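*Asks:* Residue strings, one per chain:
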Amino acid sequence: MIRINCPYCGERDHSEFSYGGDATINYPSLDASEKEWTEAIFFRKNIKGFQFETWHHSNGCRMWLVVERSTVTHEIKSVKPCHPDLQKVVENNK
Amino acid sequence: MTKFNAWNVIKNGLNGQSYWTRQWRDPEPKSSYDVVIIGGGLHGLATAYYLAKNHNIKNVAVLEKGWIGGGNAGRNTTIVRSNYMMPGNHEFYEHSLKLWENLSHELNYNVMFSQRAHVSLFHSPGAKDSVSRIYNIMRLHGTDAELWDLKTLKKKIPHLNYHNSRFPILGAAVQKRAGNARHDAVAWGYARAADTLGVDILQNCEVTGFIRKNGNIESIQTSRGIIKGKKIGFAVAGNTSVLWQMAELGNLPIESHKLQAFVSEAVKPLLDQVVVYGVGGAHFYISQSDKGSMVFGGDLDWYKSYAQRGNLPMVQDVAEAAMAIFPSLGRIRLLRHWAGVMDMTMDGSFFICKTPISNLYLNAGWNYGGFKASPASGWYFADLIANESPHNYVQNHNLERFEKGINIDERGAGPDPKLHG
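Note that the protein sequences, when read in sequence, are chains A and B. Residues 1 to 94 in our numbering are what the first sequence lists, from first letter to last. Residues 1 to 421 in our numbering are what the second sequence lists, from first letter to last.
Read the hints as simulated data drawn from the structure, not as lab findings. Predicted, not measured: the structure shown is a model, and the values here were computed from it. Every residue gets a Cβ at the ideal spot worked out from N, C-alpha and C, and that includes glycine. Mixed in with the good hints, there may be bad ones.
Stated by the list, open to error - As a list, the in silico PhoX-like pairs of lysine-lysine whose alpha-carbon atoms are at most 25 Å apart:
1. B:Lys65 with A:Lys48
2. B:Lys30 with B:Lys11
3. B:Lys354 with B:Lys228
4. A:Lys48 with B:Lys418
5. A:Lys35 with B:Lys404
Said to hold, decoys possible - Ranges of calculated distance between the beta carbons of each label pair, as one might list FRET restraints:
6. B:Tyr162 with A:Lys77: 25 to 35 Å
7. A:Lys77 with B:Ile226: 51 to 61 Å
8. A:Met1 with B:Ser165: 25 to 35 Å
9. B:Gln245 with A:Pro84: 25 to 35 Å
10. B:Trp67 with A:Glu68: 26 to 36 Å
11. A:Lys77 with B:Gln17: 50 to 60 Å
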């Protein structure tokens with residue numbers, strides 16, 4: 001079991017969460033080329049090592065989180081809210 | 001290499017088994033080859049075999065970082081079937097099944113291919129309609145496919161749970177020519193047959209880098225020295241992205257996920273088919289090995305991972321699915337379980353294609369289905385490498401299909417790799 005330290009709820013089993021995917025994807029502008037859209041939607045770095053990824057606390061607070069996790073050892077370095085403003089709120093409340 | 005036949009079995013029986021030779025050599029790497037295949041799994045070994053057999057290209061090396069057949073070749077549930085419907089896929093997998101049917105003779109090695117039928121249960125009229133469509137498409141293309149009603153199913157497999165009121169079994173979609181094979185024997189059979197034709201199988205030979213010249217890959221740095229290859233093929237599903245980035249080629253429409261499989265203690269003959277149960281979020285497939293163990297598996301672990309070990313929530317899920325469909329397994333003990341790393345692609349279909357580097361060829365993205373594909377994968381990958389252009393069956397199994405909008409998405413699940421189980 002992976003334990004994810006949800007910034008809202010505390011440390012929980014990963015079975016409470018749903019895995020999203022690569023958290024570093026930025027969609028291009030609507031008038032960007034098909035090549036750019038293809039790259040954003042279909043192509044992935046598929047990192048072997050630490051990566052930023054999204055998880056949804058679907059059986060908990062239902063917030064989306066950005067988790068920095070190793071895809072080899074499953075060790076987690078950091079867990080933050082997805083939304084940058086909520087990240088600030090969580091930081092200020094520490 | 002001593003051929004396996006009745007005469008040699010008798011002769012060696014009388015000689016204390018002393019005249020058998022090695023199954024394949026353990027050669028030192030040569031400095032240069034016509035074709036270097038990276039990855040000594042089923043696909044890499046099959047490719048090397050068909051390069052030598054079909055195309056007379058015999059100066060071939062297969063590089064394997066560990067021992068052959070030690071990756072996903074040894075981490076699957078050995079199911080062979082061809083129940084696909086998308087153009088390209090159904091021809092490809094049907095050809096694969098035909099190759100399986102003659103594989104033991106072809107390789108002079110008993111791969112223990114057993115066509116015991118693949119039985120996909122359905123639990124609602126909607127599911128029946130949906131699977132009828134797929135199985136009708138298969139029939140139109142000459143693949144065997146049939147539907148079993150409840151009466152036939154009860155007669156064939158009497159001990160399924162027919163009293164499940166939430167997901168009552170209504171019948172099954174069946175492919176009778178489908179079945180199982182012995183995974184190790186497939187790796188060893190291809191290795192032995194390829195080696196006999198002159199292929200060098202280089203084990204403990206890990207690729208550590210590529211030396212580029214004029215846009216091509218001139219040679220490969222390995223743990224056993226530098227090896228030149230006129231043409232180079234990747235067949236390392238699970239770790240494709242790692243090699244791809246080592247060759248500085250950027251991103252791929254692939255994510256690596258892990259899939260678990262389970263083996264129980266051996267029991268007396270209990271199940272004579274491959275049974276698949278997929279409903280309400282559950283996914284479960286089971287067969288019985290020749291040793292008597294129940295071999296079964298379920299879904300991915302749902303998060304991206306390169307770790308070859310599974311996690312417990314999925315063990316629980318699979319156990320629950322087993323109990324829902326096969327309550328008689330309740331007291332059976334698990335002998336071992338493991339995870340293999342899958343190349344999960346953005347549309348659930350594979351790649352046998354050229355790459356941006358003109359002497360590099362890609363065989364990747366096998367999702368859940370690499371085992372059954374092995375013979376055809378080797379066949380068409382060898383064909384691509386030898387003839388420089390893809391066969392009709394795999395003409396759209398390339399990296400450009402996403403930009404062109406011709407995704408080969410059997411499930412219609414969209415661009416999320418983990419959903420293509």
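*Asks:* Are the Cα atoms of Lys35 (chain A) and Lys404 (chain B) separated by 25 Å or less?
*Replies:* holds (10 Å)
*Asks:* What's the verdict on Lys48 (chain A) and Lys418 (chain B), does the C-alpha distance respect the 25 Å limit or exceed it?
*Replies:* holds (17 Å)
*Asks:* With 25 to 35 Å as the target window, see if Tyr162 (chain B) and Lys77 (chain A) comply at their CB atoms.
*Replies:* Because 50 Å falls outside the window, the suggested range is violated.
*Asks:* For Lys354 (chain B) and Lys228 (chain B), compute the direct alpha-carbon distance and say whether it is at most 25 Å.
*Replies:* holds (19 Å)
*Asks:* Met1 (chain A) and Ser165 (chain B), beta-carbon distance inside 25 to 35 Å?
*Replies:* holds (32 Å)
*Asks:* Can you confirm whether the C-alpha distance between Lys65 (chain B) and Lys48 (chain A) stays at or below 25 Å?
*Replies:* holds (17 Å)
*Asks:* Does the Cβ distance between Trp67 (chain B) and Glu68 (chain A) fall inside 26 to 36 Å?
*Replies:* holds (34 Å)
*Asks:* Using the C-beta atoms of Gln245 (chain B) and Pro84 (chain A), is the stated range 25 to 35 Å upheld?
*Replies:* holds (29 Å)
*Asks:* Between Lys77 (chain A) and Gln17 (chain B), is the Cβ distance one that fits in 50 to 60 Å?
*Replies:* holds (56 Å)
*Asks:* With a cut-off of 25 Å on the C-alpha distance, tell me whether Lys30 (chain B) and Lys11 (chain B) pass.
*Replies:* violated (36 Å)
*Asks:* Does 51 to 61 Å hold as the CB distance between Lys77 (chain A) and Ile226 (chain B), or does it fail?
*Replies:* violated (37 Å)
Checked against the numbered hints given earlier, this structure breaks hints 2, 6, 7; the rest are met.
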